[in-house]
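**Q** Sequence:
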Amino acid sequence: MSPIIPKSNDKVNHSRDPNLDGVLDLVHTIMHQFRSQQFQALREGQHEMTPMEGRVLGFFARHPGSTQSDLAKRTGKDKAQLTRLIAGLRERGLLQGEADAADRRNTCLSLTDAGRAIQQKIKRQAETLNTQAMKGLSAEQQQTLRSLLLQVKANLDDDA
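1 is the number of the first residue of the sequence shown in the UniProt record's numbering; add one for each residue after it.
What the hints contain is simulated information worked out from the structure, not anything from laboratory work.
Watch out, some of these pointers could steer you wrong.
Claimed, not checked - With a cut-off of at most 27 Å between alpha-carbon atoms, the simulated DSSO-like pairs for lysine-lysine come out as follows:
#1 Lys77 <-> Lys153
#2 Lys123 <-> Lys73
#3 Lys135 <-> Lys153
#4 Lys123 <-> Lys153
#5 Lys153 <-> Lys73
Unchecked claim - If you anchor each label on the Cβ, the simulated ranges turn out as follows:
#6 Glu140 <-> Arg90: 42 to 50 Å
#7 Val23 <-> Glu140: 17 to 25 Å
#8 Glu140 <-> Arg104: 47 to 55 Å
#9 Asp25 <-> Asn130: 15 to 23 Å
#10 Asp70 <-> Ala117: 19 to 27 Å
#11 Glu44 <-> Asp158: 22 to 30 Å
Using N, Cα and C, we set each Cβ at its ideal position, and we do this for glycine too.
All chains, full assembly: derive it from the sequences and hints.
**A** Structure below.
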């Protein structure tokens, strides 16, 4: 007799297909490897950057003039943790702040020249690792992988 699989209205995969188990765990593992290798050079170099510091610099590189609250909303990180992190980056001369003209209680943050230089190093390292990760995959395979991952993301966005 075959096992009874409970019916559910949720969109959870109840197929018990072992090929589908752990797909997102694998994606998580790949991203962990990527981030670990990406920031290894910066941790060991003159900048001694942590992955979270690199992500903060990346956020303000993409969203100059944003506030700490904007960062907190985007990352879901605790405001106290972000306060310490941002203060450290400002002390090191990587971030600069300016009072928000509309609300002087807020500080608009952006990268300094030194912060931009480090962010560019992070970006170049990411490009190098991306090339390494895609080695051996044809352009068509890379596009297929991208399309499939975008579909997985869209599926998760639909439930959000």
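**Q** Work down the list of hints and note, for each, if the structure agrees.
**A** A quick look at each hint next to the structure:
1. Lys77 <-> Lys153: The hint holds at about 21 Å.
2. Lys123 <-> Lys73: At roughly 23 Å apart (the allowed maximum being 27 Å), Lys73 and Lys123 satisfy the hint.
3. Lys135 <-> Lys153: Satisfied, since the Cα-Cα distance of roughly 23 Å is no more than 27 Å.
4. Lys123 <-> Lys153: Given that 27 Å is the threshold and the Cα spacing comes to 23 Å, the pair holds.
5. Lys153 <-> Lys73: Holds. Lys153 to Lys73 sits at ~19 Å (cutoff 27 Å).
6. Glu140 <-> Arg90: 42 to 50 Å: holds (46 Å)
7. Val23 <-> Glu140: 17 to 25 Å: holds (21 Å)
8. Glu140 <-> Arg104: 47 to 55 Å: Roughly 54 Å apart at Cβ, these two residues keep to the hinted range, so it holds.
9. Asp25 <-> Asn130: 15 to 23 Å: holds (21 Å)
10. Asp70 <-> Ala117: 19 to 27 Å: holds (23 Å)
11. Glu44 <-> Asp158: 22 to 30 Å: Cβ of Glu44 to Cβ of Asp158: about 41 Å, so the range 22 to 30 Å is violated.
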